[in-house]
Each structure stands twice: as C-alpha cells, then as structure tokens.
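Student: One letter stands for each residue in the lines below.
Number of protein chains: 2
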Amino acid sequence: MATQEATDVYEEFEDHVRRLTYVGDAAGVLQWDQEVVMPEGGTPARSKQTSALSTLKHELLTDDRLGEWLDELESADLDPEREAVVREVRRDHERAVRVPSDLVERISETTSNALPVWKQARQEDDFDAFADTLEEIVQLKREYAEAIDPDRDPYEVLFEEYEPYLGLDTVERVLERLRDELVPLIDDIQDSDVDLADPFSGTYDEAAQEELVREALDYLGYDWDRGRLDTAPHPFSSGTQFDARVTTRFDPEDPLDALGSTIHEFGHATYTQGLPREEYGTPLGDSRDLSVHESQSRLWENHVGRSQPFFEGFAPSIADHLGVDADPRALYEAANTVHPDNLIRVEADELTYHMHIVLRFEIERDLIQGDLDVAEVPQVWNEKMEEYLGVRPDTDAEGCLQDIHWTHGSFGYFPTYSLGSVLAAQLFAAAEDDLGSLDGRVHDGVFDPLREWLGENVHRHGARYTTDELIREATGEEFTADYFLDYAAGKYRSLYEV
Amino acid sequence: MATQEATDVYEEFEDHVRRLTYVGDAAGVLQWDQEVVMPEGGTPARSKQTSALSTLKHELLTDDRLGEWLDELESADLDPEREAVVREVRRDHERAVRVPSDLVERISETTSNALPVWKQARQEDDFDAFADTLEEIVQLKREYAEAIDPDRDPYEVLFEEYEPYLGLDTVERVLERLRDELVPLIDDIQDSDVDLADPFSGTYDEAAQEELVREALDYLGYDWDRGRLDTAPHPFSSGTQFDARVTTRFDPEDPLDALGSTIHEFGHATYTQGLPREEYGTPLGDSRDLSVHESQSRLWENHVGRSQPFFEGFAPSIADHLGVDADPRALYEAANTVHPDNLIRVEADELTYHMHIVLRFEIERDLIQGDLDVAEVPQVWNEKMEEYLGVRPDTDAEGCLQDIHWTHGSFGYFPTYSLGSVLAAQLFAAAEDDLGSLDGRVHDGVFDPLREWLGENVHRHGARYTTDELIREATGEEFTADYFLDYAAGKYRSLYEV
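Chains as they are written, first to last, in my numbering: chain L, 1 to 498; chain A, 1 to 498.
In case anyone wonders, no lab produced these hints; they're calculated from the structure.
Since no wrong hints were added, every one of them can be taken at face value.
Heads up, the list lumps identical chains together, so a pair's fine if it works in one copy or across two of them.
In the SDA-like style, the derived pairs of lysine to any residue whose C-alpha atoms are separated by at most 25 angstroms in a straight line are:
id, residue 1, residue 2
1, LYS384, GLU350
2, LYS384, GLN123
3, LYS48, LEU284
4, LYS57, GLN31
Please read these numbers as outputs of a predicted model, since none were measured by experiment.
Sequences and hints are given; from them, build the entire structure.
Tutor: If you want it as structure tokens, here you go:
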C-alpha cells in the first residue's frame with residue numbers, strides 16, 4: 001500500500017478506534033455513577049443503559065470495516081506507535097469477533113443471575129446451593145476460551161483477557177516462587193515472639209478519617225483538577241487522563257485501612273493521570289493491562305505508604321486528624337503487622353495476601369483445565385489454606401464463597417494482583433537504581449522525583465509497549481520476582497526478628 | 001400488513017427505539033455528572049464522550065430501517081398506544097433525516113465557539129462584539145428550520161423542537177393576553193402603597209439551607225429511593241422514572257430562593273418519577289414536551305410552594321433550620337413580592353417573569369422571521385423593558401446579553417416557560433374541581449391527593465397523547481390562559497390591595 005493510502009486508511013481506522021474508546025469511557029462514567037451516587041431505585045434503567053452502550057461498543061469492535069482496515073494496515077509500513085495501535089486493536093477485535101454473540105449473551109445472563117444465588121449461598125454458608133451455578137459458569141468460560149482459540153490452554157486464554165503479554169508459564173513460575181519462598185517466611189513469623197505496636201484503639205470519626213486521606217492525596221501530589229475522592233463500598237478508581245477519580249471506605253476501628261486503600265487507588269489514578277493527553281482515544285493514550293496498573297497501586301501503597309520514612313513524614317497529619325500522637329515506628333509496625341490467621345483476602349496484610357492469590361490461582365486454573373471438579377472446591381480450598389497459612393476456615397462463607405470474581409465469570413483475574421506486587425518491587429528498585437535511595441525524599445514528603453520517574457518510564461507510554469517490553473524498557477531486565485522476594489524477606493525478617 | 005407481521009415489525013421497531021432512548025439517557029447521566037461532580041479538567045474527554053454518544057444516537061435515529069418500519073407501521077392497524085409511539089418516533093426521525101449532517105455540525109461548532117464570545121461580550125458589556133456571532137447563529141437556525149420544512153414559518157418550526165403540539169398561533173394568542181392583562185396589573189402594583197413583609201435579614205448558612213430544602217422535599221413526598229439532591233450553579237433536574245435527580249443552589253441572603261428553586265425541580269422530578277416504569281424506553285414511558293414538563297414544576301413551585309397554606313404548614317421548619325420565627329403570612333408575602341424594577345429574568349418574581357418571556361419571544365420570533373436585524377436587538381430590548389416593566393437597563397450585560405439561550409441556538413425555548421405557568425394554573429384548577437379546594441390539605445402538609453391526581457391525569461400517560469389532547473383529557477377544556485390570569489389577578493390584587 002502506498003504511503004498516502006496507508007495514512008488515509010490509518011486515519012479512518014483511528015477515528016473508529018477513538019469512537020470505540022469514547023463509548024467505553026462513557027460506560028465507565030455510568031459505572032462510577034452507579035457505584036458512588038446512584039440511588040438504589042435506579043438499577044433497572046441503568047442496566048438497560050449500560051447494556052445498550054456495551055452492545056454499541058461490541059458492534060464497533062466487531063465491525064467488518066475494522067477487520068479490513070486492520071488487514072490493510074498490517075501489510076503497510078507504519079511507524080512503531082501506529083504499529084502498536086494496530087497490534088492492540090487487532091487483539092481486541094479478534095477476541096470479539098471469535099466469540100459468538102449468543103455465547104456472550106448466555107454468559108452475561110448466567111453471571112447476572114448467579115449474583116443473587118452466590119449472595120444467598122454465602123449468607124447461608126451453603127456451597128451446594130451455588131455449585132451448579134458455578135459449574136455452569138466454568139463450562140461457559142471454557143466454551144468462551146475455546147471460541148477464541150481452540151488450540152491453546154483455555155486458562156491461559158482467559159488469563160490473557162486481563163494480562164495478554166506475560167504468558168501462563170511466567171505466571172506459574174512467579175506464583176510458585178512466591179509460594180515456595182513466602183510460606184517458610186510466614187511460618188517463621190508465626191513462630192516469632194515479636195509483638196508489633198498498635199497505637200490505635202477505639203473508633204475514629206469518619207469525617208476525621210476523610211480529612212486525613214484527603215490530606216494524604218494532597219501530600220502525595222494527586223491532581224485534584226483532574227480527579228475527585230468519594231466513598232464506595234468496594235474502593236476503586238476509574239476515568240481518563242482528564243478525570244481520574246478515586247474512592248475509599250472507612251472502617252471506624254482501623255483508620256490505616258482507609259489510608260492504605262486511598263494510597264492504593266492514588267497509585268492507579270496517578271498512572272491514569274500520567275497517560276498522554278494528546279493520545280486520548282487510542283491505545284497510546286490508554287493504560288497497559290492489569291499487572292502494570294496493579295503495579296502502580298501497589299508501589300505507592302506498599303513501597304511508599306507502608307514504609308517507615310512515609311510515617312516519619314506523615315505522622316503529624318495522623319496526630320492532627322485522629323488525635324493519635326504515635327511514634328513513626330509504631331505506625332510503621334501497625335501498618336505492617338502480619339496476620340496469618342486471617343481468612344479473608346481483602347483484609348489480608350501485604351505478605352499473606354499472596355497466599356490467598358496462589359490458592360485461588362491454583363484452584364481456578366485446575367477448574368478451567370478440567371483437573372478439578374466444582375464439588376471438590378471447598379475441600380481443596382481448606383486444605384490449601386491450612387498448607388499455606390496454617391489456618392482452616394470453619395465455613396465456606398469465610399472460605400471459597402468469599403469472593404465475587406468467579407460469580408462474575410472473572411477467571412484469570414486473581415493472578416494479576418500478585419503480579420502487580422511483584423512488578424511494583426521491580427520498578428521501585430529500578431527507580432532507586434536511577435534516583436538513588438528514595439528514603440530521604442519519602443521522609444521529607446518529596447514525591448515528585450518518583451512520580452516523574454514513573455511518568456517517564458511507565459505512564460507516558462500508554463499501551464505503546466507490550467507488558468514484557470515495557471518492563472524491559474523501564475528496568476533493563478526481564479520480569480522477575482527477585483526484587484519482591486528480597487524486599488519482603490528484608491522487611492518482614494527485620495520486623496519480626498526472624 | 002397482516003396482524004402477526006405488524007406485531008413482528010413493531011417489536012423490531014420498538015427494540016430500536018428503546019436502544020435510542022437508552023443511549024440518550026446515558027448521555028443524560030454524563031451531562032448530570034459534568035454539571036454536578038466532574039472535576040474542571042475533565043472537559044476535553046467529556047466533550048469527546050458526549051459527542052460520540054450524540055453521533056450514535058443520530059445514527060440510530062436516522063437509520064434507514066427505522067424509516068421503513070415507520071412506513072410499514074403507519075399503514076398497519078395498531079392500537080392507540082402503539083400509534084402514539086409511531087407518531088412520536090416519526091416526528092423525531094423526520095426532523096433528524098431532513099437536516100443535513102454538515103449543517104448539524106456547523107451549528108454545533110458555531111454555538112460551541114459562540115460560548116466564550118458571548119461570555120466575554122457580556123462581561124465587557126459589548127453587544128457589538130457578539131453581534132456577528134449572533135447573526136451567524138440566526139442564519140444557521142433559519143437554514144435548519146428550512147431544511148425541516150421550507151413551506152412553514154421558520155420560527156414555528158424551531159418552536160416545535162420544544163413544544164410540537166401547541167402551534168405558534170396558540171403561543172401568540174396566549175402571550176399577547178399575558179402582555180395585555182399583566183402589564184396593567186404590574187402598573188397598578190407599582191402604584192400601590194402596600195409594603196409586603198420581609199422577615200429575612202443578614203445571611204443564612206448553606207448547611208442550614210440545605211437541611212431546609214431536604215426537609216421540603218421530604219415534606220412534599222419526593223421519592224429518595226429514586227432520586228437525589230445536589231447543588232449546581234444553574235439548578236436543573238434530570239434522569240428517568242427510576243432515577244430522577246434534582247439540583248439546587250443557595251443564595252446566602254435569600255433562603256426562599258433555594259426553597260422555591262428546589263420545589264420547582266421537585267415538580268419536574270415528580271413528573272419524571274410518575275412516568276410508567278414498565279414503558280421505560282419508548283415515548284409511552286417518556287415525558288410530554290417542555291410546556292407540560294414546565295407546568296409540573298410551576299404548579300408545585302407557585303400554586304403549592306408560594307401559597308399561604310403552604311407556609312402555614314411549613315413555617316415551623318423554616319423556624320427550626322433558619323432561626324426565622326416568622327408569621328406564615330409574612331413568609332407568604334416575602335415569597336410573593338413583586339419587583340418590576342428587576343432586570344434579570346432568572347431573578348424575576350412569578351408575575352413580572354412573564355414580561356421577560358414575552359419580550360424575548362417577540363424579539364426572537366422577529367429575528368428568525370427576518371423582521372428584525374441583530375443590530376437592533378439592544379434598542380428593541382430596552383424599549384420593550386420600558387414598555388412592559390417601566391424600567392430600562394443601563395447596560396446590555398443586564399439586558400439582551402443576560403441569557404445563554406440564543407448562544408446555544410435555542411430559539412423557541414423561551415415561550416415554553418410561560419406556557420408552563422399558564423398550563424399549571426389550568427391543571428391546578430382542574431385538580432381542585434375534582435378534589436375540592438386543596439388549601440386545607442396543603443395547610444396540613446397532605447400532598448398525596450394532588451400528586452396522585454397529577455399522576456393519574458398527566459404523569460402516567462407519558463407521551464401517549466399530544467399536548468393539546470393531554471390538556472383536554474386532564475381538564476376537559478382547550479388550553480386557555482383564563483385560569484392563570486384569574487389566579488394572578490386574584491392573588492396579586494389582594495396582596496397589593498389594587
């Protein structure tokens with residue numbers, strides 16, 4: 001194809017892609033509204049609106065012209081940025097056209113109907129009441145994976161919905177290392193006599209906690225002109241580089257929960273705010289997939305917000321708003337206390353969290369690969385909890401029924417949480433390699449150098465690079481769990497003197 | 001067409017219509033978000049998202065298949081409800097297909113660019129700086145009207161965008177009567193020696209005012225499960241029968257402003273909440289056009305919220321929240337004080353408001369019909385202000401530059417405000433004809449009978465009837481200004497003893 005012709009085709013193609021993005025982002029606004037401000041009675045209309053946008057988006061994505069443009073552009077001589085756009089859109093287009101729309105509808109209907117079934121089963125601690133539904137979802141997701149690629153491992157195909165560029169072998173390798181190295185560390189911590197400090201007691205007013213987390217967002221450099229903070233039952237962040245919002249929630253007894261969760265969402269939002277504005281509408285202005293996004297939230301949450309230098313700088317604010325005049329060291333210890341006997345993933349500490357993920361990964365992979373029956377899930381869950389964390393749930397409500405993900409049909413999502421933590425450690429080490437130790441700057445409340453380093457090495461690229469390329473570009477190395485395991489061992493062995 | 005075939009066609013048609021509605025309502029959520037919660041930096045992305053939805057909606061509305069279904073259904077034997085749906089969709093479809101998309105784009109671009117020009121002209125009190133832009137908008141809107149119907153009066157065609165079923169002759173007849181009968185009444189009031197009470201002085205805390213208007217919404221029976229209250233610089237209501245939200249604003253010196261404005265939006269939202277839920281997505285579940293919508297807001301704002309019985313019941317709440325322990329009569333007088341020397345429409349009282357509308361109507365009609373040059377607008381405006389209200393603006397900023405409507409290209413919108421008031425009086429009279437005087441119930445804070453009467457006679461019909469049919473169904477009469485003029489004369493002659 002001649003250069004001028006390719007340019008013309010590219011422009012038509014790009015207009016279409018932008019439109020697709022805008023419709024998707026409009027749906028994101030509806031979703032934010034539903035979770036944050038919508039009155040309860042609004043659900044029936046909102047479902048219709050969301051579903052109409054989702055159908056329109058699907059039609060734009062599966063449009064025959066899009067396939068033709070992609071064919072033409074793949075044989076043209078494009079610059080690397082445009083090649084990246086073509087690569088990302090091809091991937092989404094292929095996945096969308098390969099799945100028959102009646103299967104999409106069946107999955108949507110089944111998971112939608114599954115929600116109340118799961119809720120009731122969890123409430124009544126009755127896994128059997130949910131088993132048939134879960135079996136149906138597993139079958140549908142296997143069918144879904146097979147429609148996309150009948151020749152590849154179905155779990156890998158599902159996992160690629162969330163993280164397309166790391167490969168199942170990498171995930172398995174990384175998660176096995178986490179299991180093999182963290183289980184003994186957690187064992188040692190359980191045997192430790194050290195009691196970490198906890199300067200909090202009683203309850204803390206929601207308004208005071210909100211002032212505190214707003215101040216934390218200021219302190220870290222959140223751009224309020226392109227964001228806002230609200231509360232939501234399940235904190236999340238959403239939006240675009242022009243409007244990247246965060247949410248949080250408040251536990252009256254545990255103000256560090258809101259603080260950590262807010263800093264986590266700040267990390268996501270800072271990534272989003274750092275995407276190039278002039279590229280809004282194409283993958284060059286969109287974030288990389290879930291592992292990278294999660295690395296940004298975990299980096300700020302754990303490597304900054306759970307560090308001793310952070311509390312050295314931020315302790316006065318905690319004293320101001322909560323009236324807790326604690327030593328920074330005591331705050332640091334409180335933020336890093338390990339609770340191996342905790343059964344609930346979303347309440348887990350930084351360390352044992354990964355065991356919750358490994359367990360879910362192993363179970364969901366085996367379910368999809370056909371190596372585990374749905375009926376066996378409770379037993380396997382409890383055995384693995386005992387093996388990895390030394391604790392056994394008394395009920396399935398506190399065990400295999402606790403998470404919503406499988407009810408949504410989100411098989412392959414869980415591993416991205418741990419991959420994000422692992423990548424956070426690798427990126428933080430690379431940043432310190434370039435900038436020198438960040439302890440002093442974090443102590444002084446100076447976060448610009450880190451934010452700029454992440455902006456330069458991660459955010460500004462959007463989805464220009466694949467995940468593995470982005471990691472190599474930013475760190476000079478392949479993806480590795482070394483940094484995370486070093487960080488975890490160093491921090492927790494020192495805290496617990498083991 | 002055979003019955004079964006017509007049913008099948010109707011179903012396909014209705015699916016398409018519902019989808020169109022859902023996309024429009026999704027755009028409504030984005031609009032609410034933009035005006036109420038969006039951070040300032042969000043504008044560039046929001047414009048793209050809104051414009052993408054607007055294009056998709058336009059494509060759905062001008063879809064050739066929709067035209068074919070309409071042709072087929074118009075020759076089929078449908079029940080009256082389905083006939084009404086076909087009638088409403090035909091109207092929107094025709095208007096959309098007749099206007100060339102490049103004209104739509106030129107209007108959108110011109111009005112979008114006009115906004116900062118108008119703002120600056122208003123700020124600098126420089127009409128000449130806005131004149132060329134206004135001229136361009138007038139020309140484009142004439143072109144627009146001609147595209148829709150070259151054989152009809154262009155102003156009537158534009159007016160029908162907002163109120164398709166009352167006809168320009170009716171509007172002219174009604175607005176002339178308002179002018180002819182209200183001008184002498186306002187004259188008499190100006191000559192009156194009566195000073196109405198004003199129990200308010202100083203400033204009132206925004207939080208206290210918000211508690212007060214929330215209590216007013218409770219008191220009137222707003223369904224919070226399907227709505228919410230927020231603040232916005234220009235109060236509005238929006239949403240669906242599942243989620244009908246209101247906004248208000250607070251003037252520290254004038255708490256009755258927020259109260260009146262909130263009750264006004266309550267009227268709109270109560271109409272929306274009263275639309276049949278099972279019909280959501282088609283015109284049967286959508287509101288009738290602007291005159292009817294405005295009649296609902298004005299009925300609650302003026303006939304209920306500005307009545308003496310209302311203040312008899314609600315005075316204790318005003319005392320509670322604002323610390324103003326005033327006589328109900330004094331509150332009634334304060335809420336109904338006439339200010340003929342006020343120059344600003346949005347600050348006008350219930351009575352002189354209509355002179356602001358008549359003036360705008362006469363000017364915009366003459367502009368569109370080619371009987372007035374843009375350059376003459378300031379002079380004609382000032383002359384009419386003097387003639388109708390006995391006051392002459394010193395500046396165009398307080399005169400013909402005060403409203404945003406023409407900058408938006410909204411010619412034909414203004415009259416619906418007065419038509420709404422006129423219809424409110426007619427409906428309120430019909431309700432009292434059926435239910436007996438409502439004074440006692442309003443005094444007692446019992447609003448269910450009125451809300452149910454409106455629900456039964458107006459809300460539940462959606463757009464089943466044309467405006468004129470709906471008025472006949474609800475009141476047993478043709479649309480008439482008699483009731484409004486009786487009400488206005490009775491109320492204000494008594495208040496001012498003239």
